[in-house]
Amino acid sequence: MSQQGYVATPPYSQPQPGIGLSPPHYGHYGDPSHTASPTGMMKPAGPLGPTATGAILPPGPPPPGPHQFGQNGAHATGHPPQRFSGPPPVNNVASSYAPYQPSAQSSYPTPMSTSSVTQLGSQLSAMQINSYGSGMAPPSQGPPGPQSATSFQTPPRPPQPSILQPGSQVLPPPPTKLNGPGASPLPPPMYRPDGLAGPPPPNAQYQLPPLPGQTLGAGYPPQQEANSGPQMAGTQLSYPGGFPGGPAQMAGPPQPQKKLDLDSIPSPIQVIENDRASRGGQVYATNTRGQIPPLVTTDCIIQDQGNASPRFIRCTTYCFPCTSDMAKQAQIPLAAVIKPFATIPSNETPLYLVNHGESGPVRCNRCKAYMCPFMQFIEGGRRYQCGFCNCVNDVPPFYFQHLDHIGRRLDHYEKPELSLGSYEYVATLDYCRKNKPPNPPAFIFMIDVSYSNIKNGLVKLICEELKTVLEKLPKEEQEEMSAIRVGFITYNKVLHFFNVKSNLAQPQMMVVTDVGEVFVPLLDGFLVNYQESQSVIHNLLDQIPDMFADSNENETVFAPVIQAGMEALKAADCPGKLFIFHSSLPTAEAPGKLKNRDDKKLVNTDKEKMHLDSQQFLNDLRNDIEKKIGFDAIMRVRTSTGFRATDFFGGILMNNTTDVEMAAIDCDKAVTVEFKHDDKLSEDSGALIQCAVLYTTISGQRRLRIHNLGLNCSSQLADLYKSCETDALINFFAKSAFKAVLHQPLKVIREILVNQTAHMLACYRKNCASPSAASQLILPDSMKVLPVYMNCLLKNCVLLSRPEISTDERAFQRQLVMTMGVADSQLFFYPQLLPIHTLDVKSTTLPAAVRCSESRLSEGGIFLLANGLHMFLWLGVSSPPELIQGIFNVPSFAHINTDTTLLPEVGNPYSQQLRMIMGIIQQKRPYSMKLTLVKQREQPEMVFRQFLVEDKGLYGGSSYVDFLCCVHKEICQLLN
Amino acid sequence: MATYLEFIQQNEERDGVRFSWNVWPSSRLEATRMVVPLACLLTPLKERPDLPPVQYEPVLCSRPTCKAVLNPLCQVDYRAKLWACNFCFQRNQFPPAYGGISEVNQPAELMPQFSTIEYMIQRGAQSPLIFLYVVDTCLEEDDLQALKESLQMSLSLLPPDALVGLITFGRMVQVHELSCEGISKSYVFRGTKDLTAKQIQDMLGLTKPATPMQQARPAQPQEHPSVSSRFLQPVHKIDMNLTDLLGELQRDPWPVTQGKRPLRSTGVALSIAVGLLEGTFPNTGARIMLFTGGPPTQGPGMVVGDELKIPIRSWHDIEKDNARFMKKATKHYEMLANRTAANGHCIDIYACALDQTGLLEMKCCANLTGGYMVMGDSFNTSLFKQTFQRIFTKDFNGDFRMAFGATLDVKTSRELKIAGAIGPCVSLNVKGPCVSENELGVGGTSQWKICGLDPTSTLGIYFEVVNQHNAPIPQGGRGAIQFVTRYQHSSTQRRIRVTTIARNWADAQTQLRHIEAAFDQEAAAVLMARLGVFRAESEEGPDVLRWLDRQLIRLCQKFGQYNKEDPASFRLSDSFSLYPQFMFHLRRSPFLQVFNNSPDESSYYRHHFARQDLTQSLIMIQPILYSYSFHGPPEPVLLDSSSILADRILLMDTFFQIVIYLGETIAQWRKAGYQDMPEYENFKHLLQAPLDDAQEILQARFPMPRYINTEHGGSQARFLLSKVNPSQTHNNHYAWGQC
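Protein chains in written order, with this note's numbering: chain U, 12 to 987; chain P, 741 to 1479.
The set of hints was computed from the structure by calculation and includes no laboratory data. Heads up, the beta-carbon is just placed ideally off N, CA and C, and yes, glycines get one too. Take the hints with a grain of salt, since some may be wrong.
Taking lysine-lysine and the DSS-like style, the derived pairs with C-alpha atoms no more than 25 Å apart in a straight line are [what the hints assert, rightly or not]:
1. Lys447(U) with Lys1068(P)
2. Lys588(U) with Lys604(U)
3. Lys471(U) with Lys483(U)
4. Lys1068(P) with Lys933(P)
5. Lys478(U) with Lys588(U)
6. Lys1000(P) with Lys445(U)
7. Lys1000(P) with Lys581(U)
8. Lys1049(P) with Lys1068(P)
9. Lys604(U) with Lys933(P)
10. Lys504(U) with Lys977(P)
11. Lys638(U) with Lys581(U)
12. Lys1071(P) with Lys504(U)
13. Lys1071(P) with Lys933(P)
14. Lys604(U) with Lys938(P)
15. Lys758(U) with Lys339(U)
16. Lys581(U) with Lys933(P)
17. Lys977(P) with Lys1134(P)
Label-pair ranges, simulated between beta-carbon atoms [said to hold, decoys possible]:
18. Asp1061(P) with Thr598(U): 33 to 41 Å
19. Pro814(U) with Lys1071(P): 51 to 59 Å
20. Glu1177(P) with Thr598(U): 55 to 63 Å
21. Met980(P) with Ile591(U): 31 to 39 Å
22. Lys1071(P) with Asp584(U): 31 to 39 Å
23. Gln1456(P) with Asn540(U): 49 to 57 Å
24. Arg1064(P) with Ile816(U): 42 to 50 Å
25. Asp584(U) with Thr1133(P): 46 to 54 Å
Based on the provided sequences and hints, a complete structural model is requested.
Structural data, given as structure tokens:
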């Protein structure tokens, strides 16, 4: 195990350890086609004997390495002058962005000014990362920068977090069994206390190896002092062969976990809060290439000024490495998470619709990219050069416009496709299937009417609810009624189609019993306009529960149901969506028959009741029917020369390597796209991405939705690291791993994730941080919380195979994550935990979240936890009675009924406030979360604890601290 | 001679039997030399208003291989209360109920006038009749409307307790559930997929004890468990429902693109109908009534593809072996027909379309099960409407003129063996001592199943004399044949009709005159024609004609008197005199000639020829021509072109067509409007007379003939001209100087 550091990690398809050297194609499961590996990172092959494992790095914001600073300056686009104590560098404004400048400065606040704090923060942290290194390195290593270390500490931060803040974390890897605490490697002698902590030793706890009595002074136990030789030697001694086990074993030693102070390791909450504090509520204009947007957790107003809003596209990094070698070296996935139909808040401008009539969109002749701000008009506007393939095209006569003195078209601001990052085109017949305008889409409702579903009232519930929700079928704003047609099928062992043609006195049922080869028994009258056939449909929905009331058919089919839906849509020649209300394992004799896999104990238990939470179900149903949706979509991601999209993840179908096909895509679905170099990228022209989605609207109009995004390129690894976005990285890692789940052993996948994490961080450490003790853990600021998030991902049930977890649940979560956007995946993997007992009833803002750890809970507290699927209200045994009274309207803790999934509406501020908070959390999420009440020290608390993701997992999976140690060890191994 | 004619007529009226020979040659050798085989036309259910059924069961011979029914030919020992079977000579005790039997107190079946007697069986559950409508919805709107009306009308004609079901088909096949309230429900099947009976029953939920229904049943014990099925319901219960359902029937909604035929799943629809009845009501009287407006175009049993540019197979294609779907389709329908027959159900085919509908392939469904075949141009014609209505006509007792699930059991005295039968029947494969090895028609059995029959259904039954030449039959010896027909009467009673006949043997060498005089040339012509058609159906056409010719020549050789090399000297006795003429017209008939007929038409004609009684069959062979003139009452005239005269009105009845033809002068007179002038009222009457006579024929005929009113030079006159003997043609017309 210890040998299979990232160096050796083979692709998932070749899980043997030790086949080294191939740079892991992380995220490219099963792709063995890579070779070069940095030999320098190879670990000594043999164990060097038992040594100390723990390397403790002192945290603290050390001064930055000056040379890095200089680099940053050179890259200055993102650096607000304020960041520096000195005068702003002139080159702040990149001349290459000239076209944007005037507008940026006139009509929009420049990002430099608005996001100064953020930028400062990130810059600072980048510096600090380096500074850790430099902190450990002799000062002579680099010329001193113009700024002193103190200048980096200028951002107002509380002293205690300042240890964490810098983004660089120092962690003592817990001693393994092999190495006693005494064996811990010594920190470098030059370790500077000031870097460790200006504020004194709250951090001492985590710095210290598990031995009690360690003193803070140096931050190292005496033993360390004793052992410490030359830094390198010490490190080497401590690591080789030191980790006989992988991450799993890391979880073993419990002591360090207890000893370490959670507060001292990077806190996602803090990162979120900082970003929110610095960028929240502001206007983020997308006029600059490669700028890093606020975190998904930060609310702000986004102005499209030439690049797609981060609501549509988020990237793992906003600065691509110039060469593939560099990319391989860093192993940071280059990916974009594209949510092409993301909902735009009402205070932002909706997408413009461009209509060029019969001539259709203007496209590059060679690469077929659509007209966008990246096209450069030349020769007086008669021609334009494609920003993607550099082909020079003639401007079509109807599109001609003169250029102004800076070479920009006079109609620049009149045409969305010239000035905006996102817009839509009306597609011509050429873009339609068979060159025919598409038919309006259809929704087909397919209801399981087997015995149990009838008996438990679900069928009745669905039928009742459908009457309401059908009134709210999505429609275009300007239209009177929805163009969507609806159809109905019920089924158990056989399928029942219904003719609900408007001129019928009563619906007609047509039974299809040939489940082996399902077909659509009728054409006319199956898919109807709801408004026209309303009375027949209501008649039908009234009758369905009674019609099958006497049925005791227990068996159901499933695959034939889907097939029936598909056949129906095919027969009607329209796109559409199937709503299948299925609630039993399809055991009837038919294609797709399943055997009972999971245990039957669930049946007739309370848990089953829990599963039938009608309110949650109905909310989801309403949501699902009403939400905006596009059909029959094909997405194509085009890139500028030098790189290309190679891999796609999501609820998609790919018939070739470039076209992403989606039968339907709604506002919550995202596709993650990975990019690879095929050539060098230039820092000047950057990396441009154009995502075009051809789709059919709910009214049956064919449209193209275009999103453009420009990224920077750099030949400096530091630039790459400071432009990363951890939330997007996790989204990518989750999807690539969940995709690999189908082909690879879970263990291998987990190892690869751990290894890649270590590799990314080690590369940073090696190339971007100043030399320092190998035992120090140094994290880039942008990836400060990568380990904790990665650990959450590793603990997800999809990546764990435990009999306690039902197969359906795993499949469900897997499917869910595959289509998630960054915001959803962030919350999903790191739930939000809010203390309720400290509510300020007068405030309308959410209370500050706390970290997902049991240690944050208190007996006297009430906490709300949400992850996008579930919501828990955790009640401490000694919760304040007035709160209990206020929320539940019962006199005491003991009176609370935890069976309910709804909070009573009590007319007092606590209740109102809590329900408002729950509403706010829910509102942004695609799925309605089911509320579970959990009392401390009662059995259901176990379920809740799974979501305390910083703790050791219920079903395995290490705690945050353990994982951090593990990653640190891996890094150290790599560095050796 | 008159006596023989009377004898024949009397026998026919009493027993429904006409033999080719009424005195039988007593040896095998002599019998074969008679050319025309010993055979009879049997009309098992010939209407006998004077014969009320007896209310008890027949007494059977106790010999297991015999089981002949006690009849007037049996020797009875009144004292010992014994009777001897006249077929196997077994001596049988009379059953106890016959204890009071004596010379003066005889049961009916022993009286000579009850050579035909009908027994009514009281035992056993009576099951209602079943009518399953299988309706094509790929019709033109007005056609479908007319059909719907006919079907709705038929509901009022059905026996009230009859079960009725509805299957509709087009691209899909829908089996309608009839007892639904609130919502109409149907089971839908793909029209392209052949399903086994079991699959069909599974899919319709007929195999497993239909759970909800069975649970509901104990609550309503009055309902007969086996009678109830969701798809077949008593007419009186659901006639409103079904009327509405029929009313709401729409044309097949699947779009038919230009240049295509509608997709019509006749094969699957029929298969489902058969499977449905097979699963629910085996061996119960049932009619599957298929109404189709075009050829099957998909799935099993498809006859032609949906490309309009490829026409449906013609005789030419068939000869060239160019009918690609024919064999497969025929096989499919034969399989269905055999299954249907095995279950005692029958299939009617009502095909109304201008083009062919695939009767050639489907014919066996009607032929083997005793169902009807009706061919018309459109459902919106009186031809179809009245024909369909006529199916539900009632007899003098108020019973429907239809019977179901009959088995015909034939027993012969030992000098005879059974060679086979030709008619709407299937073999039951009952071998026995009286079954001949030589087969004529459907042979190798002494029992046949006739799933659907009416009072005119007639079978040709062929025998073989097996008595050896050297074993002479004693003077005055008689051969006997017993026909036992067990069937389900339309009143749902089980009945048995027993006909026992006997004929004298004669030594052909010494008593040829007797035999000759007892020749029934009409019956012989029809029986030979049936053989010929049967051969034509199974073998090639031209050979049949040659075979017929040879038989005629041999017959003339045998019975004609002539001097060699002197054609003019040829004479045939009266009992043979018409026979050559029948053969002449038979050769020209559509039953043997396919020219100018589509394969469907040929099948249609042959179907009817093989089931009609002697009179109708003769009309088919040689149409009747009546001449109306001012010169006297209407008179039958020769079916010859010389009968076409300018001042005559001709009425021709070919069975399938009634043609009224106005001679040239008559036509001119009518054109001039003489009939409207009071002074020419007699002309009006003359015009009216054939119309009245035609109406009379139309009233009785089933199926309704095509009714053609034409005149000299009219295009429809071809129907007449094609039938008459062309003695006068453009070649000899003037030469003979006649007009």
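**OP:** Tell me, in ascending order, the numbers of any earlier hints that this structure violates.
**Re:** 1, 10, 12, 18 and 24
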